[in-house]
Amino acid sequence: MNVKTVIVLLVLALATVFALVCVLLTRGRAPSTCQHQPPEQQDTDDGQSLVFADLTPEEMAQVVRYLQGSLGVQLVDASRAKPSDNCIASVDLQVPAKAEVLLFLDGGGARPRREALAVLYFGNQPDPNVTEYVVGPLPTPVYHRDVTVQKYGGKVPYHRRPVTGKEYLDINALIQRELRKAPGFLAACCESDGTDLAILTTAPRGFKSGDRVTWFVLFHSVAGTGYYLSPVGLEVLVEHGDLRVSRWQLRQVFYNGQYFPSMGDLEDVFVTNLLEVIRIEKPQGETVLGSMRPRHLPGPPGPLQYEPQGPRYSVQDNRVTFQGWSIVFGMNPNSGPRLFDIRYHGERIVYELSLQEALALYGSNCPGGMLTRYLDGSFGIGRFAYELVRGLDCPYTATYVDRHYLVESETPKTNQNSLCIFEHDAALPLRRHFSDTQSLYYGGLRKNTLVIRAISTLINYDYIWDFMFHSSGAVEVRVHATGYISSSFLHGRGTDYGNRVGPHTLGTMHLHHIHYKVDLDVDGQLNTLETQDMGYELVKDPWSMQNTIERLYLRRKRLEREDEAAFPLNAPMPRYISFASPKPNKWGHLRSYRIQIDSFAGEHLPASSPMERSISWGRYQLAVTRRKEEEPTSTSIYNQNDPWMPTVAFADFIDNETITNEDLVAWISVGFLHIPHAEDNPNTVTVGNGVGFFLRPYNYFDEDPSVDSPDSVYFSGEQDAGACRANPLACLPATAACTPQLPPFLYGGFLNL
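Oh and the sequence shown: position 426 is 426 in this note's numbering, straight run, nothing missing.
In case anyone wonders, no lab produced these hints; they're calculated from the structure.
Virtual Cβ for every residue (Gly too), placed ideally from N, Cα, C.
Among the clues, some could well be false.
[Unchecked claim] In the DSS-like style, the derived pairs of lysine-lysine whose C-alpha atoms are separated by at most 27 Å in a straight line are:
{"no.": "1", "residue 1": "Lys166", "residue 2": "Lys413"}
{"no.": "2", "residue 1": "Lys98", "residue 2": "Lys586"}
{"no.": "3", "residue 1": "Lys82", "residue 2": "Lys166"}
{"no.": "4", "residue 1": "Lys628", "residue 2": "Lys98"}
{"no.": "5", "residue 1": "Lys586", "residue 2": "Lys557"}
{"no.": "6", "residue 1": "Lys166", "residue 2": "Lys155"}
{"no.": "7", "residue 1": "Lys628", "residue 2": "Lys583"}
{"no.": "8", "residue 1": "Lys282", "residue 2": "Lys181"}
[Stated by the list, open to error] Computed beta-carbon distance windows for the label pairs:
{"no.": "9", "residue 1": "Tyr714", "residue 2": "Gly363", "range": "51 to 59 Å"}
{"no.": "10", "residue 1": "Asp533", "residue 2": "Gln68", "range": "55 to 63 Å"}
{"no.": "11", "residue 1": "Asn172", "residue 2": "Asp146", "range": "29 to 37 Å"}
{"no.": "12", "residue 1": "Asp146", "residue 2": "Pro301", "range": "13 to 21 Å"}
{"no.": "13", "residue 1": "Tyr306", "residue 2": "Trp543", "range": "53 to 61 Å"}
{"no.": "14", "residue 1": "Lys586", "residue 2": "Asp402", "range": "19 to 27 Å"}
{"no.": "15", "residue 1": "Asp402", "residue 2": "Gly443", "range": "38 to 46 Å"}
{"no.": "16", "residue 1": "Thr140", "residue 2": "Thr195", "range": "44 to 52 Å"}
{"no.": "17", "residue 1": "Ser79", "residue 2": "Thr140", "range": "44 to 52 Å"}
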C-alpha cells in the first residue's frame with residue numbers, strides 16, 4: 001500500500017467519524033416550530049367594507065322580532081308552517097344602492113342605511129302571495145316597506161314560492177301512505193315495505209303557470225352511501241298545490257316504462273301477473289354503488305402546504321387583503337358567494353362579482369329525469385354551503401370563516417367554517433426566463449394566488465366555487481362539479497340518454513350551466529366595450545414585389561349597443577373583449593380589463609320551449625348591459641316553480657341601449673355537458689369538470705404589476721445562486737426549516753342538518 005492510498009483512506013475515515021458525530025448530536029432533536037410573523041402592513045378601510053357585510057345573527061333576530069310585532073298578522077315558524085299559514089321565509093342583507101355606496105366609499109358621504117330584505121309567505125289570507133319587505137334601519141328596525149311591486153311589477157303569486165322542508169315532509173308522508181297500498185309489489189321488486197326507500201324531488205312542477213305537481217323518484221337507501229345510483233324503477237307524481245294538505249293527491253305512478261293511475265292499480269296488475277317486475281336485491285353497505293368508504297388502509301401523508309412564517313394575507317371582518325389586493329366577501333343564502341369592491345393597489349376593478357344561478361338540465365326516458373331542470377338558487381346555493389373539511393376541501397392551515405343565514409326558520413343558523421381563504425402555490429411559474437445567449441441569467445416568479453372558496457352541496461351535486469387573485473392583476477373565477485350523478489332506472493332505450501353504470505342504473509346525461517354577474521369599474525364607472533381579433537390580408541411583399549404574403553393584422557371594433565354585445569352561447573365570439581376606460585396608459589392605449597371565458601357548455605334549451613325565458617340568461621356566453629339598480633340579478637328564486645311566467649326574465653335586460661361610456665355589467669355563462677360513465681362511480685371527479693373565466697388587465701398598467709412582487713427571483717451567471725443574498729430560494733433551508741403548528745382536526749358540519 002503506497003502513501004497516497006493511506007492518506008485517502010485516512011481522509012475517508014475522518015469524514016465518516018465526523019458524519020457519525022453529527023448524526024449522534026442531532027438525534028432526537030425535533031425541528032423548530034414555525035414562528036408566525038404578522039403579514040405585511042395592509043391599508044385599513046376603517047370599517048367601510050361593513051357596508052356590504054352579511055347580516056349578523058343578532059340583526060336577523062331583530063328583524064324577526066320586528067316583523068312579528070309590526071305586521072298585524074299571525075306568523076308561524078316556517079319550519080312547521082302549513083301552506084295555509086303566514087311565515088317568514090328568509091331574511092338577508094338588502095344591498096344598498098351603488099350610488100349611495102360609492103358616495104360613502106369615495107366621496108366622503110354618509111354611510112348608507114343598513115337594511116334587511118325579508119321574504120314572507122302569506123298563505124292565510126284571501127289572496128295568498130309572496131311579499132318582500134325592506135326592513136330597517138339595523139340593528140334596531142323601526143320601519144318596513146313593501147318592495148314587491150317595485151321589484152317585480154306586481155305581487156308574486158303564491159304558487160311560485162320555493163318548496164319548504166315542511167312541505168317536503170308532508171309530501172313524503174303522503175307517498176309513504178300510498179306505498180302501503182302495494183305491499184306485494186314492493187316486496188317483489190325491491191325487498192322493501194317502502195319505509196326504507198329514499199325519495200328525490202324533481203323540478204319544475206308541471207307544465208303551465210299555476211301547477212304544483214311534482215314527480216318524485218324512489219331509490220334504495222343504504223346508510224353511509226349515496227342513494228342516487230340505486231333507483232328501483234318506481235316514480236310517483238304528486239299534486240300538492242292546494243293550501244290544505246289533506247287535499248294533496250298522488251296522481252300517477254311510473255314503473256319500468258309503464259304508467260298507472262295509482263299504487264293500488266299497480267298492485268292489482270302485479271297480483272294478476274300482468275306486470276314485468278325487475279327484482280332488485282336490497283344493496284349491502286360494502287357493495288352498494290356509490291360507496292365512498294376507503295378500500296385500503298391509510299398510507300403515508302401526502303405533501304402539505306403550510307406557511308413557514310404564517311399567512312401573508314390578512315382577514316378583517318368581511319375583507320381580505322393580500323399583496324395589493326383588497327376584496328370584500330359575503331354569501332347570499334340563495335345565490336351563493338358574492339364579492340364586492342375588488343381593488344388592486346388601491347384602484348377598484350370590480351364593484352360586484354357574484355354567482356347568480358346554477359342550472360342542471362337532464363335527459364332520460366323516465367319522467368323524473370326527462371323533466372328535470374334544477375335551478376339551484378331556489379334551493380339555496382349559499383344556504384347549503386356547509387362546513388369545509390380541513391386538509392381536503394381546503395388546505396389544512398387555511399383561514400376558515402363562519403357564515404350565517406335565516407331561511408325557513410325564525411332562528412338564525414350558522415354554517416361554521418363554510419368559507420375558506422388561503423394562499424395557493426400552483427407549483428408553476430407565473431413567468432420565467434432562462435437566458436442562454438448574450439448575458440446569462442435566470443429570472444422568474446412563482447404563481448402564488450389568493451383563493452376564496454366555498455362548496456355547496458345541492459342534493460346530489462357538490463359545486464366548488466373558487467375566486468382567485470393573481471399577482472399579475474388578474475382575477476380568475478372557476479367552478480368544479482363533483483358529488484354524485486343523478487340516475488334513472490335502466491329500461492327500454494335508456495342508453496339513448498346516457499350510459500349504463502350499474503346493473504339497473506342509467507347515468508343520465510345532463511348539462512351544467514352557471515351564471516355570474518360582473519360589474520366591472522375599470523379606472524372609473526364609465527366604460528366602453530372593445531373587441532379585438534385577428535385577420536389575414538394578402539399583400540405584395542414590400543421587398544420582393546413579385547411575391548405576396550398573408551399578413552396577420554389586428555381587427556379592432558367598439559361595440560355601441562347592447563344587441564351587439566350579446567354573444568350567443570357556443571357561437572363564435574371575438575377572442576379579445578375588454579371593458580375600456582376613456583383614460584390611456586403610458587403607451588397611449590385605453591386602460592382596459594379583458595374578459596376571457598373558459599367553457600365547453602352544452603346547448604341551451606330551445607327558444608321554442610315554454611320555460612326558456614326563465615333561463616334566458618343561458619342564451620348567451622356573454623352579454624353586456626347598462627347597469628341598472630332595478631336589474632340586480634339575472635334570475636329569481638321564484639322562476640323554478642313557475643318557469644312558464646318567470647318573475648325575472650334576463651332577456652328583458654337586453655333592449656339595445658347604448659353602452660358607450662356607461663356603467664356596464666358583464667353577465668357570463670359557463671358550463672359543460674356531462675354524459676355520465678363508469679368512472680363517475682362512486683363520484684364525479686373534478687378533473688376535466690371545471691370551467692370559469694378570467695378578468696385580465698389589458699393595457700391597464702404600464703407593465704406587468706407582478707414586477708413589484710416580493711417573491712421575484714433573479715440571479716446571473718456571475719453570482720453564486722446558492723447564496724441567500726443573491727437568491728431568496730437559497731434562504732429556504734433556513735427560513736422554512738420548521739414544523740407547522742397544525743390546529744386539531746374538528747368537524748361539526750352535521751350539526752345543522
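Status of each hint after checking the structure:
no. : hint                           : verdict
1   : Lys166 with Lys413             : 17 Å, holds
2   : Lys98 with Lys586              : 30 Å, violated
3   : Lys82 with Lys166              : 7 Å, holds
4   : Lys628 with Lys98              : 10 Å, holds
5   : Lys586 with Lys557             : 22 Å, holds
6   : Lys166 with Lys155             : 24 Å, holds
7   : Lys628 with Lys583             : 24 Å, holds
8   : Lys282 with Lys181             : 20 Å, holds
9   : Tyr714 with Gly363: 51 to 59 Å : 55 Å, holds
10  : Asp533 with Gln68: 55 to 63 Å  : 59 Å, holds
11  : Asn172 with Asp146: 29 to 37 Å : 34 Å, holds
12  : Asp146 with Pro301: 13 to 21 Å : 57 Å, violated
13  : Tyr306 with Trp543: 53 to 61 Å : 60 Å, holds
14  : Lys586 with Asp402: 19 to 27 Å : 45 Å, violated
15  : Asp402 with Gly443: 38 to 46 Å : 42 Å, holds
16  : Thr140 with Thr195: 44 to 52 Å : 49 Å, holds
17  : Ser79 with Thr140: 44 to 52 Å  : 26 Å, violated
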